[in-house]
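Student: Use the sequences and the hints to build the structure in full.
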Amino acid sequence: MNRLTKLPTLRIDPSENRSLQYKGQTYQGVAGDTVATALYANGVRVFARSLKYHRPRGLYSLDGECSNTCMQVDDIPNVRTENTLLKNGMQVKDQNVKGSAEFDWMGFMDKLDCLMPAGFYYRTMHKPASLWPIAMKQVRNAAGLGKIAPDFRMKGDYTEIYPRAAVCVIGGGAAGMTAALAAAESGLRVVLLDARPWLGGCFDYRVSAYDQEKALYQRARELAKAVEATPNIRVFKHTAVVGVYNNNLITAFQVGGESDSFNERYLEIRATSVVVATGCIERPLLFENNERPGIMQVGCAHRLARTYGLLPGNQAVFSIGHDLGLEAAADLFDLGLQIACVADIRADGQDPQLLLALTKRNIPFLRGWVACEAHGSRQVEKVTLSTIDGSAKRQFGCDLLVASAGLTPITGPLTLAQAKLKYDMHTGYFLPVDLPAKTHIAGRLTGLQHALAIEASGRLAGLNAAADCGFDTAKSAAEAGQQLNALPGPERGTRLVSAPVKGRKSFICFDEDTTLKNIKQAIEMGFDVPELIKRFTSAGTGPGQGGIPGHNLPLLVSEYQARTGAKPIPTTVRPPLVPTFIATYAGANHDMCKRTPLHDLQKKAGGVFRRMGVWRRARYFSEDFSCREEILNVRNNVGLLDASTLGKFRIHGPDALKALQRVYVSNMAKVAEGRVKYSAMCNDDGCVIDDGVVVKLAENDYYFTTSTGRAGETVEWIRFHTRYDGWDFHLVNLTDAMGVINISGPNACKVLAKVADTDLANEAFPFSSYREFTIRKKIPVRAMRLGFVGELSYELHADASYMPALWQIIEEAGQEFGIRNFGVEAQNVLRLEKCHIILGQESEQRTNLLDLGLGFLWHRNKPDAKTVGAVALRQTEKDPGRFRLVGFKMEDPQRPPRDGSIIVDQRIRGYVCTARKSFTLNESVGLALVDAELAALGTRLEIFEDECNGKRLDARIVPMPFYDPQGERMKM
Amino acid sequence: MKEIQRQSPVQFKADAQKIAMRDNWPVVLEYSNEGRGPFVVDLTHKAKWDLQDKNLATHKPLGLDIPTLPGACAFQKSVLINRLNRTQCAIWHLLADAPALPGEPGYTDVTESTVLLALFGPNALAIAEKLTALDLMDPQKQTPFLLQGPFSHLPCQVVTLERGHGFDGGLLLTCSRGYARSMVHAILDAGAEFGLRPAGEQRFSAWASGLSGKPGSAQAPSVMHLVTTRENL
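Quick mapping for you: the protein sequence lines, in order, are chains A and B. For the first sequence, the numbering used here gives the first residue as 1, with consecutive numbering after it. For the second sequence, the numbering used here gives the first residue as 1, with consecutive numbering after it.
It is worth saying that the hints were derived from the structure and are not from the lab. Every residue, glycine too, gets a C-beta built ideally from N, C-alpha and C. Zero decoy hints are in this set.
Lysine-lysine pairs mimicking DSS-like chemistry, simulated, CA-CA at most 25 Å apart:
1) 778(A) / 750(A)
2) 2(B) / 778(A)
3) 517(A) / 111(A)
4) 889(A) / 951(A)
5) 2(B) / 750(A)
6) 111(A) / 137(A)
7) 13(B) / 604(A)
8) 603(A) / 13(B)
9) 866(A) / 54(B)
10) 778(A) / 754(A)
11) 658(A) / 54(B)
12) 567(A) / 520(A)
13) 604(A) / 2(B)
14) 754(A) / 2(B)
15) 777(A) / 2(B)
16) 567(A) / 420(A)
17) 87(A) / 6(A)
18) 517(A) / 393(A)
19) 603(A) / 2(B)
Computed far set for chain B versus chain A, every beta-carbon distance over 10 Å:
20) 35
21) 209
22) 211
Tutor: Okay, structure coming up:
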C-alpha cells in the first residue's frame, strides 16, 4: 500500500523502516507504526478470529477498545496490536484459529449461534451432571483467546516509579494540556498522562480550523510544545491509567519506546488534586455484521490516514451520528477516498459548514439513515442502509464502512474515584453528578465539542486544581469561568444504539461475541439490570474492559424495557481500566530478605538456605535433610550454629523494670546481675506470644532476646502495653546490631577456652549465667550459658561486623575437636529431644502459657505490674477443656508422623506439633497438643496423616524430656 | 585468622583502589572506575548514635542543637542529627570519627544496627523514585529533611541532603543491617539505566562536606512553618 507520506499530521517516520515476521514472511512498516498499522499497510485485513463464533475481525478502534486485533507477538498472547508500537524483528502470529485468521476451519461455529443463546453454558449440558466436564473441555477447546505456554518466561525489563505531584492531569488532549499549563502557573508540580505516544488528543490528527490562523493539529502541537517546555510539568506519554484510589492515588503503566530502558513501567502517582480530561471514545453502531473487517470507527479511519498515512479503503460508506463523522468524510475524500454515501442517524443538528463541505465534494448525504447490514464474508463488500424506522432501504458497494452511533465519555477514572454517574439527556452521556473532593473534569468528557470551549474548560479545571493545593486562584478561575460560559456549551448527543434489525449478528460486545439478540434473550429471562445482564451474557467482560459495549448496553436495556421515566444505569467499572502484563505489576520484584552477618561463610560451608520469615537461614549443611551427622556431632562433640536472627533489645531508663514486669509473666525484679532469666510474654488472652532471656547490664539497663519471628513487633508491643503509664524508659532494637553464635556440645568449653579471655570453668561461668569478655583480646562478646539443644552451650553475642571474624576464630579453634556447623533443622531435632519448645511450632494462636507446661514461669504475686495476660491465665487455670502439650514416642521407631498431622479417635483430639526421628535415642519422638483427657502418661494416640488411606499411625505418651531428663549435660 | 577485622554487610563488586583501616573497619576510600555519577557509597562504618529521652530538648549532643520537630534535620560540624519522633533522635557522624559515646543516660551506639548508604549525583533522585513513594523532592521542605517509610519495600530512614536541578541531588538512607545486600542490589538495579556505580568514602566526603552547615541545614522550625502554610507543592 502506498503511504500518504507528505501529510503534516503524520506520527510516523516513513524514512525509517521497521519489519516484522508474520506467517513466515517479512512485512515492512515504518517507525511510528503499530503492529496493526504495519500489517494493514501490507494488505492484512483479518487480524483475528472471535472468541465463540470464530468470526473474522479487523481494525476497528485503533485504541485497543476490543480484542479485534489481539495477536501473539513475540510469544506473548493477546497483545493488542493496534496500540503496540512496531519494533524491528517482532514475531507476530494469529491466535485462536485452526488454520489462519484468514482461513479458520473453526469458522463453521458462526452457523451454530442458535445453539448458543445467552448464558447457554449455565443452562445446557449440565444434565446429566457427568456431561458437563466433557462438554466444558470441548467448549474451552473451541473458544478462547491466546494461549500461553506453561514454561513461558516474560522477556524484557519491567520496572516502577512513584512520582509525586500536586496536580495530576489524566489525558493529554487540548483540555488536559491547558489544565496542566494553568496548574503549573503557580509553580506546582504537575504530572500529565496520556495513553497515546504523543500529546494532542482529538486535535492531533484533525486539519479543521482551530482559528483563522491555524488548524487543530497545529494548535495541539503548539500546546504540546508549551507543556514540554514547562519545567514543572512532567509528561508521561504512552501511559494508560489503570486505577484511581482514595486520596488521589493514581496508578498507570507506561509503554517504553525504543530508547527507553524499560519495556513497561508501573506508575504510582500521589497527587493532591486530579484533573480528568480523558475525552471521548466512539459509541459503536449496532447492525447486522457490524464487526466485519472493513468496518471501523470514524476516528480509526481518520487516524489511519492522518496519523499513519494509510488510506483505510478505496470506496467507503459512512454511517455516523456525530459531526466528527462528517468532518472525517470530507477530509478523507480530499485524501483520495471515494465515498459512496454518508448516512447520518440524526435528522437534524449537523454543522452547516460540514454539510456544505460534503455538498461541495458531491458526497451524497442521507439524514435519518443508518447502516442495517454489512455484506461480505471476510471483508465488507456491500452495505444496506435503511431509514431509522426501517421503512426504506438502499445498498451501496464498498470496501470500507465507517460506522459510529455517537460519542461517549471516558469516565473510568471518575468511576474508580467513586464519582456517581447519571445519564444526561442532552448530551446522551453518563456524566458525574458528585465529583469527589479535589477532582475536576474538563474537555470533551463534559460534552463540549468547540475547540475554544474545550481549552477554556481545561484552564478552569487546572486553576481549580491549583486552588486545591492552597493557591489563591479565585480571580483567574472566575475569569476562566466567564470565558467558558461565553463559548458554546455541551452539544446535543444521540441515543440511537441499533439499526432496525433483529440482532442475530449485531454484536454489542466483540470480545465475547455477545449479540443484540443475546441481550434481548437475557432480558426476556428476567434479567432486568445491565449489571446482571453483563454477567449473564459476558458482554463487556473481555480484554476491551467494556470499551465497546460499556455505554451501549445500558442504553439498549433501557430502550428495550421501555420503562417510563427510567434512565439508563451504567455498569460498574473496576481496575485495571486497561489490561496490562502481570510482569508490569510485578516490576523489578527484588526479594527483599535479611541475611545474617555469617551468610557468606555458611554458604561457603555448604549451607542449604531457606526463607524463614524475613530471613534467609541455613537450614541444612548437607543433602541429608535428616541432619543425622550434624545432630550426632553436637551430641558427641561440638557444633556451631548461627543464631543471629534472634531478636535482641536494650531497654533502659528509670522505668525499664516496670515495663519488663508488664510484658513478661515472670518477676523480672529477680533478674540478678550476671544471671540469665528465661521468661515468656503473653497476650491479653494469656496465649504465649514470645519467649526469650533477659540479662541485667546495669541499673535500669537490661538486654533481652526474643524469638526470631517476634523481633519486628517487640518495640511496638511494649510501647502499646505501657501507653497510658507515662513511664520513662527507652527501647533500642539491636537485632541486626548483634550477631549470635551458639557453640554447643560436650567439647564446647574446650573450644571456647582456647580463644576466650576469661575463665570458663563451671564455678566461674556456671549454667544460666551471663558474662562479658573478649575473644582474642579484641572482640567484645556478651556470653550466656544456655542449653536450648540440651548440651553444654555458650551463646556469644557480638557486634555484627565482627561476626565473620569471630566465627572463623572459633572454627579454627575447634578444628582439633572436629567442630562443624549445624543448621536450623538439626537444632530443631536437638531441642525436640530435650522437649524445649519453639513458639509457633508447639503453639498456635489459642495456646496459652499453661497449656505448654510453662506455668512455672508465671509469677502470680505481682499484681501491681498488671502483667499482660495474667487475668486470662487465672481464668483458664482450672479449665479442663484445654489442650495440653505432651511428648510421645511412635510405636514404629522408624516412622515419625508429619508435622501438623491430626490426632484422632472418633473425632479430632489434637495435632502433632513437631515429630522427628531421633538419632540420639534411635526412636521417633514428637510433641503434640492434645485434649487434656488424653494427656495422661501411657495414653495411646492415633495419628491421621494426609494421604494415609485410613491407615493410622500409633504413638504413646511418654514423660518429657526424652533426652537427659536430669539436665546434667547442660551443666557439665 | 590473620587479622581481626570488621566487615560491612555491603560488598560491592568493584575494585577497591584505596582502603584505610579504622577501628578495624577496612574502609574503601576509592574504587576504580567510579564514573561521573550517580554514586552509591557504603557508609555503614560511620558511627551512629541513638538518643532517647522524654525531654530531648535538654540534650545537646556534642554541643549541637537537636531539631525540635520530627522530620527535621541539622547537619552541622560534620554531624547530622535527625529528629525521629517526640522522644528520639539519630546522630550520624558523617564526616569525622565519633568521640566516645556520652556517658549520660539515653545514648546507645547503633552503628551496627543499620546499613547506611549515600546515593548522590546526577539523577540520584530519579533512582530513588523507582524505589520509594516517599516524596524526597518535596519542594516545600528545605534540605536536609528526614522521611521515614518504605524504600524498596523496607522500612527506612531517608534524609534528602541535597536537591539540585531536575533529579540531581543526594540522599542518605538506613535500613536494618540484615537487608543490606537486598537493598544494595535493588538500588544498583534501579540505577543501572543511569550509570550508577559504587564509589568510595572520599567521593562522599567531597560532596557532603560542601553541605554541612549550609543555610537551612539546622533550620527545622522554618521548614515546618512552610509545611503549615501550603498543603502540598
